[in-house]
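S.K.: Position chain B against the provided structure of chain A, taking the given hints into account.
Sequence lines, in order, name chains A and B.
Each residue of the first sequence is one higher than the one before, starting from 1 at the first, in the numbering used here.
Each residue of the second sequence is one higher than the one before, starting from 107 at the first, in the numbering used here.
A few of these clues could be false.
What the hints assert, rightly or not - Some residues of chain A that are not near chain B, with every Cβ distance over 10 Å (derived):
#1 45
#2 78
#3 95
Stated by the list, open to error - Straight-line Cα separation of at most 27 Å, DSS-like style, residue types lysine-lysine; simulated pairs:
#4 A/98 <-> B/168
#5 B/117 <-> A/98
#6 A/54 <-> B/184
#7 B/168 <-> B/117
#8 A/93 <-> A/54
#9 A/98 <-> A/54
#10 B/184 <-> B/117
#11 B/168 <-> B/184
#12 A/54 <-> B/117
No wet-lab data here; the hints were simulated from the structure.
Backbone N, C-alpha and C fix where the C-beta goes; we use that ideal spot for every residue, glycine too.
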Amino acid sequence: GIQVEQSPPDLILQEGANSTLRCNFSDSVNNLQWFHQNPWGQLINLFYIPSGTKQNGRLSATTVATERYSLLYISSSQTTDSGVYFCAPGGDKIIFGKGTRLHILP
Amino acid sequence: DARVTQTPRHKVTEMGQEVTMRCQPILGHNTVFWYRQTMMQGLELLAYFRNRAPLDDSGMPKDRFSAEMPDATLATLKIQPSEPRDSAVYFCASGLAASTRVEQFFGPGTRLTVL
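If we strip away everything but chain A, and leave its shape as in the complex, we get (with noise of 0.2 Å):
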């Protein structure tokens, strides 16, 4: 079955920084999410990105399904983007990768 990187596994930043967070895929793809998991536990959609890139306020997505990766941009972080983030590629069933934790430090 398909692969799932991401990277950095864990990323601590002071509030306003900005980070990219990458996600690789061993196959090619119909589908691919990107999902917030806040403290809560509640996973919530950021981006159906295939392909192409998305901008949705301070986060953008972008994926190169040619070269089997995609990358989630947070600009001035705050702290309410804590959490994990979730890529999720696949075809009719998504794979979700370990994740990349963040923590916005005040």
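M.R.: Here is chain B on its own, set in the frame of chain A:
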């Protein structure tokens, strides 16, 4: 606003008991997924349905787990008998499949503790 709902949100039970978790997908969505999240294994797909038909349950322990969709507005996941290793958060997600693409929306999860 439209969202996936799951009940119960928390369940504590004793080993050997039957556990039933319920999910109401977003109205109009034709695909329903069940996931399990543990610290050790992360998020794993257990089973999924399209138009109420099971498409894949290869992630599910067959001897004790069963998943059904009695109707389009209800999906159930049962564990019988439950074991302590089943302790986890169980998520349901739904989506509207169009050709090969489906965006999934997750419910709040059921936190199961088996003593």
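S.K.: With a cut-off of 27 Å on the C-alpha distance, tell me whether residue 168 of chain B and residue 117 of chain B pass.
M.R.: 21 Å, holds
S.K.: Is residue 93 of chain A within 27 Å of residue 54 of chain A, Cα to Cα?
M.R.: 22 Å, holds
S.K.: Over 10 Å from every CB of chain B: does residue 45 of chain A meet that, or does the non-interface label fail?
M.R.: Contrary to the label, residue 45 of chain A does not stay out of reach of chain B, its closest Cβ about 6 Å off (not over 10 Å).
S.K.: Taking only the CA atoms, is the gap from residue 184 of chain B to residue 117 of chain B under or equal to 27 Å?
M.R.: Holds, at roughly 13 Å.
S.K.: Does residue 168 of chain B sit within 27 Å of residue 98 of chain A, going by the straight-line distance between their CA atoms?
M.R.: 25 Å, holds
S.K.: Are all beta-carbon distances from residue 95 of chain A to chain B longer than 10 Å?
M.R.: 8 Å, violated
S.K.: Check the hint pairing residue 117 of chain B with residue 98 of chain A against an upper bound of 27 Å on the C-alpha distance.
M.R.: Roughly 26 Å between the alpha carbons, so the hint for residue 117 of chain B and residue 98 of chain A holds.
S.K.: Run the distance test for residue 54 of chain A versus residue 117 of chain B: straight-line Cα separation, threshold 27 Å.
M.R.: 38 Å, violated
S.K.: Are all beta-carbon distances from residue 78 of chain A to chain B longer than 10 Å?
M.R.: At roughly 22 Å from the nearest Cβ of chain B, residue 78 of chain A sits farther out than 10 Å, so the non-interface label holds.
S.K.: Would the pair residue 168 of chain B and residue 184 of chain B pass a check requiring their Cα atoms to be no farther apart than 27 Å?
M.R.: 11 Å, holds
S.K.: Going straight from one Cα to the other, do residue 98 of chain A and residue 54 of chain A come out at no more than 27 Å?
M.R.: Answer holds: residue 98 of chain A to residue 54 of chain A is near 23 Å, not above 27 Å.
S.K.: Is the Cα-Cα distance between residue 54 of chain A and residue 184 of chain B 27 Å or less?
M.R.: 39 Å, violated
Comparing the model with each numbered hint stated earlier shows that hints 1, 3, 6, 12 do not hold.
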